[in-house]
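Please take these sequences and the hints and turn them into a complete structure.
2 protein chains.
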Amino acid sequence: MNTYLDYKEHCKKIYDIYMSASVLNWDQETHMPKNGNKFRAQQLSTLAKIAYELSTDIKFGKLLEKLNSDDSLNFDQKRNIELSYNDFKKKLKYSTKFVERQSLLTSRAFQDWRIAKENNDFNIFKNSLSDLIDLRKEECELIGYKNHPYDVLLDKYEPKLMTSEVDIIFNDVKDKLVPFIDKISKNNIIDDKFFYQFFDKKKQWDFGIELLKQMGYDFDSGRQDISAHPFSTHFSPQDCRVTTRIDENNLSDMIWSCIHEGGHALYEQGLLKENYGLPLGDSISLGIHESQSRLWENHVGRSIHYWKKNYGLLKSYFPEKLKNVDYKQFYNACNNVKSSLIRTNADELTYHLHVMIRYEIEKAIIEESLNVDDLPSTWNRLYKEYLNIDVPSDSQGVLQDIHWSHGSFGYFPTYTLGSFYAAQFFDKASKDITDIDSKIENGETKTLLDWLRKNIHKNGKRYDASELCKKVTGETLNFKYFMDYAKNKYTKIYDL
Amino acid sequence: MNTYLDYKEHCKKIYDIYMSASVLNWDQETHMPKNGNKFRAQQLSTLAKIAYELSTDIKFGKLLEKLNSDDSLNFDQKRNIELSYNDFKKKLKYSTKFVERQSLLTSRAFQDWRIAKENNDFNIFKNSLSDLIDLRKEECELIGYKNHPYDVLLDKYEPKLMTSEVDIIFNDVKDKLVPFIDKISKNNIIDDKFFYQFFDKKKQWDFGIELLKQMGYDFDSGRQDISAHPFSTHFSPQDCRVTTRIDENNLSDMIWSCIHEGGHALYEQGLLKENYGLPLGDSISLGIHESQSRLWENHVGRSIHYWKKNYGLLKSYFPEKLKNVDYKQFYNACNNVKSSLIRTNADELTYHLHVMIRYEIEKAIIEESLNVDDLPSTWNRLYKEYLNIDVPSDSQGVLQDIHWSHGSFGYFPTYTLGSFYAAQFFDKASKDITDIDSKIENGETKTLLDWLRKNIHKNGKRYDASELCKKVTGETLNFKYFMDYAKNKYTKIYDL
Chain A
99 MNTYLDYKEH CKKIYDIYMS ASVLNWDQET HMPKNGNKFR AQQLSTLAKI
149 AYELSTDIKF GKLLEKLNSD DSLNFDQKRN IELSYNDFKK KLKYSTKFVE
199 RQSLLTSRAF QDWRIAKENN DFNIFKNSLS DLIDLRKEEC ELIGYKNHPY
249 DVLLDKYEPK LMTSEVDIIF NDVKDKLVPF IDKISKNNII DDKFFYQFFD
299 KKKQWDFGIE LLKQMGYDFD SGRQDISAHP FSTHFSPQDC RVTTRIDENN
349 LSDMIWSCIH EGGHALYEQG LLKENYGLPL GDSISLGIHE SQSRLWENHV
399 GRSIHYWKKN YGLLKSYFPE KLKNVDYKQF YNACNNVKSS LIRTNADELT
449 YHLHVMIRYE IEKAIIEESL NVDDLPSTWN RLYKEYLNID VPSDSQGVLQ
499 DIHWSHGSFG YFPTYTLGSF YAAQFFDKAS KDITDIDSKI ENGETKTLLD
549 WLRKNIHKNG KRYDASELCK KVTGETLNFK YFMDYAKNKY TKIYDL
Chain B
99 MNTYLDYKEH CKKIYDIYMS ASVLNWDQET HMPKNGNKFR AQQLSTLAKI
149 AYELSTDIKF GKLLEKLNSD DSLNFDQKRN IELSYNDFKK KLKYSTKFVE
199 RQSLLTSRAF QDWRIAKENN DFNIFKNSLS DLIDLRKEEC ELIGYKNHPY
249 DVLLDKYEPK LMTSEVDIIF NDVKDKLVPF IDKISKNNII DDKFFYQFFD
299 KKKQWDFGIE LLKQMGYDFD SGRQDISAHP FSTHFSPQDC RVTTRIDENN
349 LSDMIWSCIH EGGHALYEQG LLKENYGLPL GDSISLGIHE SQSRLWENHV
399 GRSIHYWKKN YGLLKSYFPE KLKNVDYKQF YNACNNVKSS LIRTNADELT
449 YHLHVMIRYE IEKAIIEESL NVDDLPSTWN RLYKEYLNID VPSDSQGVLQ
499 DIHWSHGSFG YFPTYTLGSF YAAQFFDKAS KDITDIDSKI ENGETKTLLD
549 WLRKNIHKNG KRYDASELCK KVTGETLNFK YFMDYAKNKY TKIYDL
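The listed protein sequences derive, respectively, from chains A and B. No gaps in the numbering here: position 305 of the first sequence is 403 in our numbering, and each next residue is one more. No gaps in the numbering here: position 299 of the second sequence is 397 in our numbering, and each next residue is one more.
The set of hints was computed from the structure by calculation and includes no laboratory data. Careful, some of the hints might be misleading.
When chains are identical, the list treats them as one kind, so a pair holds in a single copy or across two.
[As the list claims (entries may be wrong)] Straight-line Cα separation of at most 30 Å, BS3-like style, residue types lysine-lysine; simulated pairs:
| # | residue 1 | residue 2 |
| --- | --- | --- |
| 1 | K556 | K568 |
| 2 | K136 | K556 |
| 3 | K406 | K187 |
| 4 | K132 | K311 |
| 5 | K274 | K529 |
| 6 | K176 | K136 |
See below:
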């Protein structure tokens with residue numbers, strides 16, 4: 099290994115293994131028969147181990163070191179090398195044993211979580227979860243930190259983000275968003291009962307597919323399946339898949355999860371295929387990823403413009419069920435701000451209280467001020483405190499999310515970050531694109547997609563999240579954009 | 099690497115990669131969006147390369163050499179080592195470059211074949227096919243042979259089988275089976291037109307699933323999907339999948355492909371999971387594999403006993419379509435011996451003429467007496483000669499099978515071999531199992547499955563195909579069993 103080309107080849111090889119593992123993961127969550135789990139876990143562990151060994155190959159490290167001081171490289175090449183070299187040095191702090199253990203553990207934990215959730219029995223998941231938490235604590239010490247061990251976990255999903263910054267974000271949420279939510283809740287007269295009729299699965303599915311197509315999601319480079327928890331994944335920019343779940347007694351569940359995952363997939367489909375395997379062919383961070391899904395889900399998919407035509411389309415699928423619901427009622431209903439039990443079904447404002455609860459729990463776990471046995475009761479207490487909700491069962495409480503079963507701690511805050519980025523990006527897009535509202539009304543979202551492609555997607559990791567935000571919007575992340583958006587929209591809806 | 103345990107661990111690691119590649123292959127043929135192919139091909143090539151490198155690791159070779167003369171090992175352990183060592187020495191003759199090229203080529207060829215078949219245009223597939231043939235010829239020289247280069251290709255699927263032996267088999271077919279088929283065809287008055295009505299896809303699917311369940315196929319360790327060409331695959335004994343295709347204008351297509359692939363999957367589900375990754379956890383050969391699918395498809399699934407109850411079940415799915423067809427008519431129709439165009443739909447007698455045509459073509463290609471340009475015309479000429487059929491299009495002719503697109507040459511003869519093994523095994527099973535006919539009539543095939551599990555499946559590669567055949571039936575493969583079965587059955591059906 100001696101040249102930039104060798105570097106690229108080695109990166110591609112590593113990425114091929116990660117992408118293969120993604121196929122196995124996708125299959126595990128969508129199609130795999132239940133007995134398949136044991137050997138699947140072993141296979142994923144082997145792939146993780148091989149990828150890790152290749153990523154920490156000492157010859158690769160030497161090449162990176164050499165290329166890192168090679169002035170003949172252009173800007174993009176230098177950026178790739180810089181990020182790969184940082185990644186290499188970070189990975190060296192782990193060990194093959196750690197990676198193997200992590201892979202086996204997450205496969206086991208995912209299966210345990212699934213059964214625990216089905217059976218509403220936290221105890222089935224408890225041991226796996228406890229082992230995963232131990233692994234994460236160990237990881238914090240392995241990697242090292244200046245201020246807070248949780249910084250290590252945040253950094254995995256949102257490079258450079260600090261716990262202290264997340265604290266500031268949630269202080270904004272508490273200081274500004276919570277009072278506004280309170281004001282709404284005193285005025286809340288929206289009737290959304292019609293969402294909770296029986297809506298045929300197949301028809302919901304077909305409607306979801308239509309929405310995805312309209313967004314510009316390319317079905318020749320992707321597909322949709324059903325899974326317990328909606329997600330998007332990718333095996334290359336030419337194979338970016340989404341999943342959804344359909345609740346026949348709740349129409350809203352499918353619609354916005356579909357648009358949300360579609361937004362993620364559009365980001366992946368917009369990465370440049372010539373950069374496959376390289377940092378510049380990869381998404382920046384989960385926060386930026388979430389900004390894409392949230393932008394489509396909320397700023398487009400919950401806007402009055404979006405439903406002008408699409409509500410007619412929806413009515414053509416369910417003429418009987420929706421015959422007494424007009425367009426305005428529908429728009430209000432899909433923006434019903436109301437405390438609820440399930441994060442993924444929450445409105446775009448109370449959503450951040452769900453995230454805050456998870457953030458506080460994770461921080462307390464890592465700080466060792468909370469132990470696993472007390473997780474369900476703490477969960478329930480915080481839901482009462484922040485959302486005034488009584489949690490009726492662990493399935494709908496502490497077991498509702500897949501993330502911990504994947505060993506993902508430090509992940510949730512990126513959801514809130516993503517929403518705030520989304521508001522800031524959409525504000526800029528609205529200024530850049532002439533007549534964006536009427537374009538959305540006419541289902542012409544291609545201009546918006548092109549704007550996102552050009553300004554965000556095609557860059558891959560060319561810039562850090564903060565840098566990108568500044569480049570695109572003129573300033574770094576600013577909570578004001580989200581708050582302004584919320585006030586402007588909901589003041590009208592609730593006639594505040 | 100120093101102990102038998104190290105050997106096992108290394109084998110499992112290699113097998114994990116092969117099984118991961120199988121998941122990627124399964125996905126490619128069932129679910130992958132069309133643009134996914136380019137990177138999928140690259141990912142499969144990377145996995146193949148890594149598996150090859152691990153398989154030919156010099157330290158692994160040294161360990162095998164050492165263990166191969168370790169007298170403290172038991173019979174099974176010795177057998178594992180013997181086979182692994184042979185495999186190691188054989189693999190050393192290849193190169194990483196060869197393996198990589200092969201993987202990329204087969205992925206490309208599969209895609210070309212699919213498009214060529216869809217568009218009925220052999221030219222789209224021609225270049226890929228030609229490259230694959232060159233690769234196979236190169237392989238014959240790399241591996242070396244005593245008598246015929248085609249021996250090298252046969253050995254990949256049916257260890258130790260010689261071209262000269264296949265010639266003898268097809269001489270039997272020509273001398274004994276062909277005259278018997280001629281006799282039938284002069285007497286053929288079977289009416290099977292009812293098969294070619296419209297049969298709803300969903301109902302066919304559901305009926306197929308019922309048949310699979312009845313056979314003892316474990317859906318907790320498998321699943322069925324739709325693909326262009328039915329196949330079975332496995333990722334472990336606990337995840338063995340089948341695919342089918344459904345022609346709404348031909349009921350018979352789905353039924354027997356379903357039973358056939360189910361038979362393959364039962365073999366894989368019957369391998370011992372503690373032997374995962376080792377030769378004793380692997381099937382013996384394609385011939386023995388095919389004996390399992392053919393035994394279920396023909397000796398069970400086309401027997402008069404099998405349909406005694408199941409025809410009632412089928413009628414409950416399609417009462418209108420089948421109202422004028424009685425059980426006896428149905429049995430006769432599914433044993434209609436008649437020249438046809440498509441191998442996979444052929445009756446169990448003329449089937450071997452389809453195989454013979456492919457065998458002759460492959461041999462001629464490897465002997466270089468036939469070139470790719472002349473493949474379609476040769477195909478059509480031989481179908482006229484052996485089956486008296488005019489081939490209306492290449493899609494239904496030379497492009498009908500997936501095998502060449504996978505680079506599989508030397509594979510087809512194992513189909514015929516498998517049928518003949520099936521007859522011999524079933525003859526023995528019928529002697530061992532009391533009242534096998536009435537058991538099959540009552541849908542009680544568990545006794546038969548147990549017999550197969552005990553005598554065949556659970557052994558894995560403990561014995562060679564010939565050895566196993568002798569152990570189970572008292573003699574090596576003997577064409578007489580198939581011929582006797584055919585004569586006995588069809589003399590009655592056709593009142594010869």
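Here's how the hints hold up against the structure:
no. : hint        : in the structure
1   : K556 - K568 : within (17 Å within a copy, 64 Å between copies)
2   : K136 - K556 : between (38 Å within a copy, 20 Å between copies)
3   : K406 - K187 : neither (52 Å within a copy, 69 Å between copies)
4   : K132 - K311 : between (32 Å within a copy, 16 Å between copies)
5   : K274 - K529 : within (25 Å within a copy, 83 Å between copies)
6   : K176 - K136 : between (42 Å within a copy, 27 Å between copies)
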